[in-house]
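Engineer: As a plain string of letters, each chain reads:
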Amino acid sequence: EVQVVESGGDLVQPGGSLRLSCVASGFTFSSYWMSWVRQAPGKGLEWVANIKQDGSEKYYVDSVKGRFTISRDNAKNSLYLQMNSLRAEDTAVYYCARGGPSGGDCYHDYWGQGTLVTVSS
Amino acid sequence: DIQMTQSPSSLSASVGDRVTISCRASQDISKYLAWFQQKPGKAPKSLIYAASSLQSGVPSKFSGSGSGTDFTLTISSLQPEDFATYYCQQYETYPLTFGGGTKVEIK
Numbered sequence: 001e002v003q004v005v006e007s008g009g010d011l012v013q014p015g016g017s018l019r020l021s022c023v024a025s026g027f028t029f030s031s032y033w034m035s036w037v038r039q040a041p042g043k044g045l046e047w048v049a050n051i052k053q054d055g056s057e058k059y060y061v062d063s064v065k066g067r068f069t070i071s072r073d074n075a076k077n078s079l080y081l082q083m084n085s086l087r088a089e090d091t092a093v094y095y096c097a098r099g100g101p102s103g104g105d106c107y108h109d110y111w112g113q114g115t116l117v118t119v120s121s
Numbered sequence: 001d002i003q004m005t006q007s008p009s010s011l012s013a014s015v016g017d018r019v020t021i022s023c024r025a026s027q028d029i030s031k032y033l034a035w036f037q038q039k040p041g042k043a044p045k046s047l048i049y050a051a052s053s054l055q056s057g058v059p060s061k062f063s064g065s066g067s068g069t070d071f072t073l074t075i076s077s078l079q080p081e082d083f084a085t086y087y088c089q090q091y092e093t094y095p096l097t098f099g100g101g102t103k104v105e106i107k
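So the protein sequences, as listed, match chains X and G.
Quick note: the first sequence uses our numbering, first residue 1, plus one each step.
Quick note: the second sequence uses our numbering, first residue 1, plus one each step.
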């Protein structure tokens, strides 16, 4: 059974940092692109970033470029999101989602339960 | 960026109704379109990919159609478990973008 489980969400002050983690199981993690998608309270879905199987390609939504860094450790079946210079508008549930076997197939077929990041003083 | 516009933003329907949700892309995305269902407090669930391919395990009452800029999700006979919010997502171009969602409520 495919599973992805996020952790690391917390309450953090504006300007602070946080690192989210996602552990995958039930599939060959190193064969898939992986994404982070977020959802602000009461709002819709927003793709944040994704990363190629070997980490050689990474893409970000403009609003997080230069502040967030996506990475992965295939030996640990893990995906990460390092979030720096956090702003109130980054408050959201962050989901880890499986992409496809190629960069052109990021249709996100499996999602974790999400982890809540709250940015507030 | 490619804008994804869903309509309607909400609808009321009865059990047994046929429901159609539209998604329009601001430019040609071929068939790089996915649909998701999300229930309150839960993660999104994949329904459709490549505009019309049903995800494994998803009931055949869900179907998708379209290509280019205009797409449709159809639920053939609405059941109580189908009341949820539905999102489309394009994956033809970065940044990947979602529609604003369509909330399907009980009439």
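Since the hints were derived computationally from the structure, they do not count as laboratory data.
Be a bit skeptical, because a hint or two may be false.
[Stated by the list, open to error] Here are the simulated SDA-like pairs of lysine to any residue, each with C-alpha atoms no more than 25 Å apart in a straight line:
1) G:39 with X:58
2) X:43 with G:7
3) G:39 with X:41
4) X:58 with G:82
5) G:42 with X:110
6) G:61 with G:27
7) X:43 with G:60
8) G:45 with X:77
9) G:39 with X:65
10) G:42 with X:55
11) G:61 with X:76
12) X:65 with G:7
13) X:52 with G:104
14) G:39 with X:9
15) X:43 with G:16
16) X:58 with X:103
17) G:31 with X:102
18) X:76 with X:114
19) G:31 with G:20
20) G:39 with X:52
21) G:42 with X:15
22) X:58 with G:10
23) G:42 with X:1
24) G:42 with X:75
Engineer: Take the hints in turn and mark each one as holding or not.
Structural biologist: Hint by hint, here is what the structure shows:
Only pairs whose Cα atoms come within 25 Å are accepted, and residue 39 of chain G paired with residue 58 of chain X is rejected, the gap being roughly 30 Å. As the CA atoms of residue 43 of chain X and residue 7 of chain G are separated by approximately 16 Å, the hinted pair is consistent with the 25 Å bound. The straight-line distance between the Cα atoms of residue 39 of chain G and residue 41 of chain X is roughly 14 Å, inside the 25 Å bound, and the hint therefore holds. Using a Cα cut-off of 25 Å, the hinted pair residue 58 of chain X and residue 82 of chain G is violated, with the two alpha carbons roughly 35 Å apart.
Restraint check for residue 42 of chain G and residue 110 of chain X: the C-alpha separation of about 13 Å stays at or below 25 Å, so the hint holds. For the hint linking residue 61 of chain G to residue 27 of chain G, the alpha-carbon distance of about 29 Å lies beyond 25 Å, and the restraint is violated. Our distance criterion of 25 Å between C-alpha atoms is broken by residue 43 of chain X and residue 60 of chain G, whose separation comes to about 29 Å. Pair hint residue 45 of chain G plus residue 77 of chain X holds up; C-alpha atoms about 22 Å apart against a cutoff of 25 Å.
For the hint linking residue 39 of chain G to residue 65 of chain X, the alpha-carbon distance of about 30 Å lies beyond 25 Å, and the restraint is violated. As the CA atoms of residue 42 of chain G and residue 55 of chain X are separated by approximately 29 Å, the hinted pair breaks the 25 Å bound. For the suggested pair residue 61 of chain G and residue 76 of chain X, the alpha carbons sit about 38 Å apart, so the restraint of at most 25 Å is broken. Distance check on the hinted pair: residue 65 of chain X and residue 7 of chain G sit about 30 Å apart at the alpha-carbon level, beyond 25 Å; violated.
This hinted pair does not check out: residue 52 of chain X and residue 104 of chain G have alpha carbons roughly 35 Å apart, beyond 25 Å. Distance check on the hinted pair: residue 39 of chain G and residue 9 of chain X sit about 21 Å apart at the alpha-carbon level, within 25 Å; holds. Among the hinted pairs, residue 43 of chain X with residue 16 of chain G is inconsistent with the structure: their alpha-carbon atoms are about 28 Å apart, more than 25 Å. With a CA separation close to 10 Å, the supplied pair residue 58 of chain X and residue 103 of chain X stays within the 25 Å bound.
Among the hinted pairs, residue 31 of chain G with residue 102 of chain X is consistent with the structure: their alpha-carbon atoms are about 15 Å apart, no more than 25 Å. This hinted pair checks out: residue 76 of chain X and residue 114 of chain X have alpha carbons roughly 19 Å apart, not beyond 25 Å. A hinted pair counts as satisfied when its Cα atoms are at most 25 Å apart, and residue 31 of chain G with residue 20 of chain G qualifies at roughly 18 Å. A hinted pair counts as satisfied when its Cα atoms are at most 25 Å apart, and residue 39 of chain G with residue 52 of chain X does not qualify at roughly 29 Å.
For the given pair, residue 42 of chain G sits about 29 Å from residue 15 of chain X by alpha-carbon distance, which is inconsistent with the 25 Å threshold. For the hint linking residue 58 of chain X to residue 10 of chain G, the alpha-carbon distance of about 35 Å lies beyond 25 Å, and the restraint is violated. Straight-line distance between C-alpha atoms of residue 42 of chain G and residue 1 of chain X comes to about 18 Å, which keeps the hinted pair within the 25 Å bound. Restraint check: the Cα-Cα separation between residue 42 of chain G and residue 75 of chain X comes to about 29 Å, which exceeds 25 Å; the hinted pair is violated.
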